[in-house]
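With the sequences and hints as input, model every part of the structure.
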Amino acid sequence: MGERTVIPFGPQHPVLPEPIHLDLVLEDETVVEAIPQIGYIHRGLEKLVEKKDFKQYVFVAERICGICSFIHSLGYCLSVEKVMGIEVPERATFLRTMWSELSRIHSHVLWMGLVADGYGFESLFMHSWRLREQILDLFEETTGGRVIFSACEVGGVRKDVTVEQLQKIKSTMISFEKELQEITNVFLNDASIKSRTKGVGVLTKQMAYDLGAVGPTLRASGVASDLRSTGYAAYGKLNFEPIIETDGDCYARTAVRIRETFQSIDLVKQCVDMMPEGDVRVDVKGNPDGESFIRLEQPRGEVLYYTKANGSKFLERYRVRTPTFANLAPLLEMLKGCDLADVPVIVLSIDPCISCTER
Amino acid sequence: MSILSMTKTLMKSVFHGPYTLLYPIKKKEVFEHTKGSIEIEVADCIHCGLCQRNCPTGAIQVDRNSANWSIDRLDCIQCYYCVESCPKKCLKMGNQYSAPAVKKVRDEFTNARVSGN
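In order, the protein sequences belong to chains A and B. Heads up: the first sequence at position 281 corresponds to 281 in UniProt numbering, and the numbers run straight through without jumps. Heads up: the second sequence at position 16 corresponds to 16 in UniProt numbering, and the numbers run straight through without jumps.
Don't read these hints as lab results, they were simulated from the structure. Mixed in with the good hints there might be a few duds.
[To be verified] Derived lysine to aspartate or glutamate pairs resembling DMTMM-like cross-links, with alpha carbons at most 20 Å apart:
no., chain 1, residue 1, chain 2, residue 2
1, B, K12, A, E177
2, A, K52, B, E84
3, B, K26, A, D23
Here it is as structure tokens:
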């Protein structure tokens, strides 16, 4: 047994897009324990709910995270709508679903780029992000924003989409799928990538379940848990099956995300085909009064929103439990026993989003 | 062969040339609804102050006495909540971004008809 050393990993590290600090306790080159520390980018966004009225807070809610911004605003709007008993027009639910799925594609392709950068595969990183531009352009054309859309509001959506735009989304999805196929073949079949991911950071089914893993991290360990199957927004009307892999290693988590991206492309196409006619927003009168609890599926996993309103225009409490927070405990288990050189890949394999976690 | 899985994509890139635009010679086209910056038709403004009250970041200031409407471009988050709340529809979201700035300056607009200047 070698001597124990502690190596600090982060908050500034080439593979980390956002700051998290891990104290890695090593025996020779093997990690025996990882001690996390977060709190570098806490912004007090939950507290802001007492200062901004419930209609203004949508713009704060979507700034909780830069990648899943739309789904955060959707979660907030669904929570307040549940409290106020608002029925959203059907076209709005389909638009919300379509933008959520496009966000998922954009998040997963972004992650592919980051993880390729983590392996040191620079050209793959560049090509992943090149493909992602097409999705960002679709966002810009339909909502006006590339990352922050301000498209969701309490009572529906603020932008309608024209028939031409819907057709463009569909044709882009068809060409995007072909181009993505080339890139994902590399992720799944390349020998050098397989050597970095196969059998690395294994999380067994039982461990994933016990430690409360969520999202692709949980599904890669063989647990078929996907909140989209609960049918929120328009998911209940779409043809959808959760994607699972059973190995629980970094390769399985990559495979789940890649297969989910293709599934999301299919869901966007379904949304375009089934898009109903009609209004996209309803007038909201009065103030919310009551409590609600909402669970949604973000690209990184299950997110929980708790909302408490007291009849005034300011909410009393808004609580978000984000997927990365839930995935930190499984991450620490995955890191035990791995090589120091594999730490960046394992950390990236849960797709950490620290600004969500700290809010 | 699995170690050459990237070759096809790379060969395509070699002959394709850069995917990025040669800015500033060639600029990216903006879409019709791109959220650029807030524009005001100040002659139609009645200085009711609804935009100021609704702005989530407090970027807008309206002074009824001097018929002045001003916006801090760096504070504005392009949510166009003001555009939706304007009763006279004199605000709109333009698709051109505001110019880069090195310090915070308020863009001022004064309604000459009301202020009598």
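Going down the list of hints, with the structure as the test:
Of the pairs offered as hints, the one joining K12 of chain B and E177 of chain A holds, with about 17 Å between alpha carbons and a cut-off of 20 Å not exceeded. Under the criterion of a C-alpha separation no larger than 20 Å, the hint pairing K52 of chain A with E84 of chain B is consistent with the structure, at around 17 Å. Annotation: proposed proximity of K26 of chain B to D23 of chain A is violated, straight-line Cα distance about 47 Å (limit 20 Å).
Of the numbered hints given earlier, the model fails hint 3 alone.
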